[in-house]
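4 protein chains.
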Amino acid sequence: MRKKFTEKQIHILDIAEELIAKKGYEGTSVRDICSKANINVAMISYYFGSKEKMMSYLYQYRVLKTRENFSEFADTIKEGKPEMQMKEIIKYIVSQLFKYNYFHGFVTQELRHTENLKDELLDFYQLFVKKLDEVIKKGVASGVFTFTPKPEDILTTIIGSTLFVIRNKNFYELYVPNKNEETYVKEAEKKVRMNLLLSVFAILGYAAD
Amino acid sequence: MRKKFTEKQIHILDIAEELIAKKGYEGTSVRDICSKANINVAMISYYFGSKEKMMSYLYQYRVLKTRENFSEFADTIKEGKPEMQMKEIIKYIVSQLFKYNYFHGFVTQELRHTENLKDELLDFYQLFVKKLDEVIKKGVASGVFTFTPKPEDILTTIIGSTLFVIRNKNFYELYVPNKNEETYVKEAEKKVRMNLLLSVFAILGYAAD
Amino acid sequence: MRKKFTEKQIHILDIAEELIAKKGYEGTSVRDICSKANINVAMISYYFGSKEKMMSYLYQYRVLKTRENFSEFADTIKEGKPEMQMKEIIKYIVSQLFKYNYFHGFVTQELRHTENLKDELLDFYQLFVKKLDEVIKKGVASGVFTFTPKPEDILTTIIGSTLFVIRNKNFYELYVPNKNEETYVKEAEKKVRMNLLLSVFAILGYAAD
Amino acid sequence: MRKKFTEKQIHILDIAEELIAKKGYEGTSVRDICSKANINVAMISYYFGSKEKMMSYLYQYRVLKTRENFSEFADTIKEGKPEMQMKEIIKYIVSQLFKYNYFHGFVTQELRHTENLKDELLDFYQLFVKKLDEVIKKGVASGVFTFTPKPEDILTTIIGSTLFVIRNKNFYELYVPNKNEETYVKEAEKKVRMNLLLSVFAILGYAAD
DNA sequence: AATGAATGAGCGTTCATTCAT
DNA sequence: CATGAATGAACGCTCATTCAT
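Chains as they are written, first to last, in the UniProt record's numbering: chain F, 1 to 209; chain P, 1 to 209; chain R, 1 to 209; chain Z, 1 to 209.
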């Protein structure tokens, strides 16, 4: 059920995503979205069929974009050494979660409304697992990694830790040096990335020389 | 503003928590809760003043219980060696999150409704950070730990990873051997706990003999 | 359907009257009344059967008292000259309306709820009409009054003017010299009384010598 | 905050006014109004924002119309003799109160809901007082009136008496010859008008030749 | 292709009243 | 005799959606 969206539709989806990530699906009324998007209240039903279908389209749209993005990324690290690849994967996941935190925010919160779509996200996660598995095995084979942790556990740690930081801003900011609103996000991202690098490479038994 | 609750009120809170964790605050109507609790629609206003106040009471009630529970737990590990203490802390946090996943589910999702109460959760997290800090320092001092990672990062990894597993059941269950509905939860909890033990001890540079 | 009331019941009726006169029948909840009377919410149904029946009892109670009161008053002027009697009647009606403005306030506002009871008020008004008729005829017979206006019109003017003043406080107070909250009511009562005396005696063609 | 209303809105306001005058603001539910107006329950909120705001608009609308109406009337009597002017004013006020008795019914009963709007009614009453004052003074100057009663007292008598008659139908109808429902109202209006003419001209010491 | 008016269902809450004690 | 817990109906209002244009 792929669909091409007009500019106007994408505009609506952007605003819907932001509001829903902030206030939840039920907490966000069609009127809220339309008012912020400067369109008529009837437009969401008109364009997408219903509020719920709009959610599906929004989800599809983002997953599609994300997959394309990941595809490109995967290409860029194809040639590197395992330790570099692992580092880049961590960096990529963390930055993507921070960048599209709106999306990832509502994915876990609001996916109950689009139960059948979860599969697409699942496929996407498995893509990561597969990639991590490759890298780990290659690293172990080449001797730079000592241990063989489960790739799904590595992914769990990376995504889980990052989302926790994003969602518990007022906890984590206690430990981030620069609390300036502008720079906080960057500092937080950096801190969680460093933590994950340390963590993951420790599990891998990475012997830096 | 502590409050004693009757059995009936606790019954309502239990059901409310479950539904809200599943379907969100706005997604759960007073009628849903009352219908499942076999009580009159007016009772929530009658007992708690309003739906919103019920949320506050629910939150208070759980945080209070959780703090008391943690207090007891902290006593039981007071005497042990750092490595044992760390192991027990991880085990404790993971098991608590699994046990009260309803609560932790709505805490991160629905806290916007009880903004002023967030501080209590913050205090609670800081309790953990403090405890972790003690254990890490003691372990480093006694030589069983080699490195000194930040306690807030350790906590982030533990809670983040566990919550991710809880909330992405149909991802994680792909990697859990026994998919029997009854045993799955236990297996999943065991798997994430093992992962975290490995992970945390690796970061600490724990030298097992 | 006469009824004897206990002190507690009278206490409730007093409070109910005040609140209903202020905020209307529907605007006053049973809870409001019970809360102000420091009694249980169930008491009004318990004592009076229902909120509506309470209204009936309240109405009966006040009309009864008022009739008794008027009876006494009628005795005191029995012996006087017509012009004195007329003066006293005006003074009496005005002062009673001011004194029991709570009651008269809700009588005209809330009588829609006790349609069948209007007869009692009607009887009461007719008592006044009869008395006024007597006085007018006596005065005409004795030559102190020149004209024979209809007694129901005299009553209409007296009650209508007084109630208008009571209910349009912020209009009439513009023309009352002393606006001090304490003395205003007395001044207003005095002013409307003087107006009515002038008015009624003018209609009667009273020739003061 | 003046507002133009559509025909549909005016239709709703008419029905709302009638019901509220009869049963009070709290006694009249939004459902009552909508049911009688054959519209959806949501329409009152949709058109006016809320039930309470509807009251304000209704009030504004009627006061505005009434002021315009009075303005026109004032023009028509500009040229006449004082005694003719006085007669016309009485006739006008009485007929207006009878015509718009719904409005005047709820104005005194329900103005607690639109506290801040009372001033507009006050202004309106003062317009009458001013006009009466002019007429009285002119009459006294030209010698047709002997006395100088206070204009606010004249207004009080006129409005008070008329409203009393309107609100105590089953009292006054005892004295109105033709009790036929159709003609009663006209007869009652006539009777109270005659009474007021007599009354007011007597107070003015009008010397008819 | 797009709108604004209008709808019916459902929301959280309050109501007068009843019930068990 | 009196209470406080509990009820079902109704409240004003907002919702996502549909309809007529």
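Honestly, the hints are just simulated from the structure, not real lab data.
Some hints here could point you the wrong way.
[What the hints assert, rightly or not] Cut-off 25 Å, straight-line C-alpha distance, at most; resulting in silico cross-link-like pairs (PhoX-like, lysine-lysine):
#: 1; chain 1: F; residue 1: K130; chain 2: P; residue 2: K22
#: 2; chain 1: F; residue 1: K87; chain 2: F; residue 2: K8
#: 3; chain 1: Z; residue 1: K51; chain 2: R; residue 2: K23
#: 4; chain 1: Z; residue 1: K51; chain 2: R; residue 2: K179
#: 5; chain 1: P; residue 1: K53; chain 2: F; residue 2: K53
[Unchecked claim] Output of the computed footprint for chain P on chain F, the stretches with three or more beta carbons under 8 Å from beta carbons of chain P:
#: 6; stretch: 6-18
#: 7; stretch: 71-84
#: 8; stretch: 90-103
#: 9; stretch: 140-153
Ideal Cβ positions, reconstructed from N, Cα and C, are used throughout, including at glycine.
Checking each numbered hint in turn, tell me which of them this model violates, lowest number first. Hints 1, 2, 4, 5, 6, 7, 8 are the ones this structure does not satisfy, whereas the remaining hints hold.
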